[in-house]
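Enquirer: With the hints as your guide, set chains B, C and D onto chain A.
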Amino acid sequence: MAQIELDLAHAYKPNPQVETDYALLPLKMSFRDGGAYALLGPSGCGKTTMLNIMSGLVVPSQGTVKFDGVDVTRSSPQERNIAQVFQFPVIYDTMTVAQNLAFPLKNRQVPADQIRKRVGQIAEMLDMSHQLDMRAAGLSADQKQKISLGRGLVRSDVSAVLFDEPLTVIDPHLKWQLRRKLKQIHHELKLTLIYVTHDQVEALTFADEVVVMTRGKAVQVGSAEALFERPAHTFVGHFIGSPGMNFLPAQAGGGVLTVQGQAVQVPQGLAVPEGALKLGIRPEYLQVSAVAEPGTLAAVVRQVQDVGTYQMVTCDAVGVVLKLRLTPQAQAPQVGAQVFLHVLGPHTCFYKNEELVA
Amino acid sequence: MNPTEKPVNQKAWWLVLPVLLCVAFSAILPLMTVVNYSVQDIISPERRVFVGTEWFAAVMRDEELHGALWRQLQFSLAVLAVEIPLGIALALSMPAQGWKSSAVLVLVALSLLIPWNVVGTIWQIYGRADIGLLGHTLQALGFDYSYTGDPVHAWFTVLIMDVWHWTPLVALLAFAGLRSIPDAYYQAARIDGASKFAVFRYIQLPKMREVLMIAVLLRFMDSFMIYTEPFVLTGGGPGTATTFLSQYLTQKAVGQFDLGPAAAFSLIYFLIILLLCFVLYNWMQSLGTAHKEHAHA
Amino acid sequence: MQLILEGVGKSVSGQVHLYPQTLALHPGQVTVLLGATQAGKTSLMRIMAGLDTPTQGRVLVDGQDVTGLAVRHRNVAMVYQQFINYPSMTVFDNIASPLKLSGQADVAKRVHELATKLHIEMFLDRLPAELSGGQQQRVALARALAKKAPLMLLDEPLVNLDYKLREELREELAQLFATGDSTVVYATTEPAEALLLGGYTAVLDRGRLLQYGPTAEVFHQPASIQVASAFSDPPMNLLPAQTSATGVALPGGFELPLALPASAPKDVVLGARASALRVQGQPGDLQLPGVVELAEISGSDTFVHAQTPVGNLVAQLTGVHEFKLGAPISLFLQPSQVYVFDAAGPLVMAPLRSGRMG
Amino acid sequence: MHDQRFHKRSIFLAAYIIFALLPIYWMVNMSFKTNEEILSSFSLWPQHFTWGNYLTIFTDPSWYSGYINSLIYVAINTVISVSVALPAAYAFSRYRFLGDKHIFFWLLTNRMTPPAVFLLPFFQLYTTLGLMDTHIAVAMAHLLFNVPLAVWILEGFMSGIPREIDETAYIDGYSFPRFFVMIFLPLIKAGVGVAAFFCFMFSWVELLLARTLTSVNAKPIVATMTRTVSASGMDWATLAAAGVLTIVPGAIVIWFVRHYIAKGFAMGRV
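Residue numbers (our numbering), protein chains in the order written: chain A, 1 to 358; chain B, 1001 to 1297; chain C, 2001 to 2358; chain D, 3001 to 3270.
Derived from the structure by calculation, the hints contain no laboratory data.
Please read all numbers here as calculations on a predicted model, not as lab measurements.
Please note: incorrect hints may appear among the correct ones.
Derived DSSO-like pairs (lysine-lysine); straight-line CA-CA distance at most 30 Å [claimed, not checked]: (1) A:K106 with B:K1196; (2) A:K175 with C:K2324; (3) D:K3008 with B:K1100; (4) D:K3189 with B:K1011; (5) B:K1100 with D:K3189; (6) B:K1196 with D:K3008; (7) A:K66 with B:K1196; (8) D:K3189 with C:K2100; (9) B:K1100 with A:K13; (10) C:K2324 with A:K190.
Not everything, but these chain D residues come out facing chain C in the computed CB check (under 7 Å) [said to hold, decoys possible]: (11) E3164; (12) T3168; (13) Y3170; (14) I3171; (15) P3186.
By construction, the Cβ of each residue, glycine as well, lies at the ideal position given by its N, Cα and C atoms.
In isolation and in its complexed conformation, chain A is listed as follows (with noise of 0.2 Å):
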């Protein structure tokens, strides 16, 4: 296994003067050791060019690759040593699940009966022992990428394992199975994962860290929770949570904040900082209370819609649109209804031209 370390960028053009000739912009990271990341973003932020980096497939147009501190820049995946699992299922037809399996190891002269033992253990943890001997060709999608990953996994000094969105040609309902036995795998192994995705219930269930990526910038590198509670830019507070955070526009000043010129009182205990600013608020954490207090904003009630497992409330509060969310069992309130929603509060993240400030 090993530590990861980037610090590079990448551009289409020979020498790129503005943002968008990068297809990654600057970065600096490192991936821990026996950590599982995910590189998560829409299409076209980069994801895939820095797996393709990481991999060795592309090599940046500046900066080095170090793994455990050697630089591989420049050395091929096999020389890094790396296992990767494509989109679609990439195995030998002609082979049987075993010899599937095998191969690597076969190609690295591994003794026969080392080899035998290696596979065995590694089918039986991807619940494929009863099917070692059948050829590989006639198996099911999420079946031929599980070997495909088995691949990997046969070699015990494999320095990291690579996904590029193994779940796309998966079937929806077989699709979390697949991700428990990624988790199931990385529990038992420890080995460095590395998956993109553009799915954010993929990245957030599988990976310790998550990379979120917007127009190849990395905006922020955190734990599932960091993300949800403080989102260090506000892509991030859009990108991760669905439906994502609410934002307004607000000027703060002297103990009083006014969004869209209604003013609301700030409640004690809450460090506001000053000038202009751009509120953030999750729709799970947004209160409503028929009357005005503390922290509130007036708002009428333009739409509810009942979601099944909530019920999802949409208002509009100074020509600003902002939703939340209640319990199935709580009372709804009617469509046309001022209510007051409690715009400041614990979990309010205040933003300055898109950056956390408090």
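Expert: Chains B, C and D only, in chain A's frame:
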């Protein structure tokens, strides 16, 4: 939901009708005349006698036909044995993308564009000891080479000419098969530390299986009915060393003008082709569907 | 426009895709076809559009039998899963094609109007292949809307898009359908989409229409276990049990006091949605000790998979919560949120929904 | 690619290309020599470079008429083959109908039928129809193998277009002909080009049928060339020049379809 099945629509027959008319005119009508001739003795346009399967029996017993059929099978198998592996090797060595790839493709495919008799003419000139580069060089090296005199030299020259003419077809097919392999397979192989041979054995060959089946079908069939090139090069000589089925049939039909046996022989020749085609086609379909199932699983 | 499927069934080369069923769509409303993959959603939709003819049964539009009528003569619009556009035409021509064909006036104005509505007005002179997946699907949507057809069909239009993009487009679609007056049929595998789009929902399972009614009603009053499992994500917890004097007896000696109707059979199945289980117990809850198998974080919720004496359970908790694999956990089942099904399938009792019309 | 492996491959490729081009080079080399120089001395390069042979071909009607005749019947055949194959390929690609598998196989067998088998019947048929020695005769005869080839290639290209595009067009209100011309044809432009190229090529290279069905005013170049083979003195020089000129049309056209050569040869199956 697997991709929806193709809907059944009998109105599609109207779309296929023009093709049926064209090919019927150029295949069924002639075939009927052949069948007609194969069961009659045509003494003169007016007098025809029904002879049943007499001509078929005669043709089956014809020694010369057996010789020609045996030489044809030998030739077709030799063609496959040389051209399939050589074509694959050529495809593997061709550059994958860029202008180089297009340039090599055109150069290699050039021989496929030459009229079949001109191929014969080229090798006729090329192999002559007095004016041909090949013939002249071989003589200079002290090798008494004559494709018009020595039956073995003639047979090998025809074979090499066919290899020169048609190997690019196999190469292009194999190349098309190789190009359909996603890059991820090569990356996975490199990560697994596979040797060059392992990459060929476990990734390239299985993926090329379908196109190689087409190559075998095309090459075997086309070589089985070869006529023009050997006719122009050696005229089937020396003796009957390079007289294959098509030439033997043309000699019988146009040359000696005995229509009955020629028609019977044509039908037998056509049935052999039909049988071989059926076997290879079904094998190809079963491989194709097996291949498609993998793609869907 | 009133579309009725009378006893419509479809089987292809011996395999039954749709068992005979009757479905009368509510005119001018959104009908969601909800079901897992292979449930028959696409087959049903293709019959509604006239792309396929049913093996048996009749398709009636405003009382007129259109079963055999070619799709060209039907006035329908359809959006496919894989963003189907005319590759050789520009975005403008793509959207304009139905308008030009039906010889309508001021085509350019209508196209610009639709393009602005779907935020693709800046791509009008580009080819579809140059756009991202989401933008291509917007072009297909604009073309479908351009037709203003009385029947509009969408076959899982968002399934191939990024997670966050799906969220945004789902909202836009809900608003688009609300403003339009055509009958909309929307196929999906995700219960959340059905709930968000509202209108009516038809639950399909392996070629059978199980239930058709207002979305909230089908969700809260599922006719059978199949409907309940099809209409809940993550899958509903189903616990076999026996009725007893005071309520219901679960394996492992657990008792749940419930006021059951007299007609309740001996063998029943308790149905509890993930939201009916919580980690902080309240008076009257049934406590179930268990061991954490997996904690799935979806950004706004955490789904805890736990093994308990009564079987594997999934609980839904708001916000982000970390759980160690294998850690002990107590789940509290709220009796008021429990469904009771006859073991054979039909619903016996659904939880009372406080203060909201049925 | 490791340097060592790349090196070995490019040597093999270079060797094959030399093997493939040498005979052609030798014919081109001869086509610029006079008969006397060919027979008297052996040289890798024409000592007395002459355009004479090409001049005779372009001036002697019995030579250049051969090219014109070939081009005429090849063009007719290509147009008929492709226009007839288009609707049929669409039917095979989009629908299942009674006997579709068998017809498709029958087309394959026609592509594989030895022309020698139909030599006699064609001769009979065209004499009774009074079509002997006309361009139409050869064009029609070549339909035997060109129509199946065109159907196979076009069906392969058409199957690459998702069926949902047809359905969307029908939903939008396109009638079949309008859809086929306005939307479908532009999408398979490449396929039509490749099918036309292969029909052109296989008709251009065929000798047996072309020679049998023509005598004077439709005699193709391939036939005029075999005539000189049996003439008294071997007119090698003109023969070589004529040979070079038969390669030129193919070489020009192939550049336009170079990206699809392989797909075409595989009859669109790849």
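Enquirer: Which hints from the list above does the structure break, by number from lowest to highest?
Expert: Of the numbered hints given earlier, the structure breaks none, since each of them holds.
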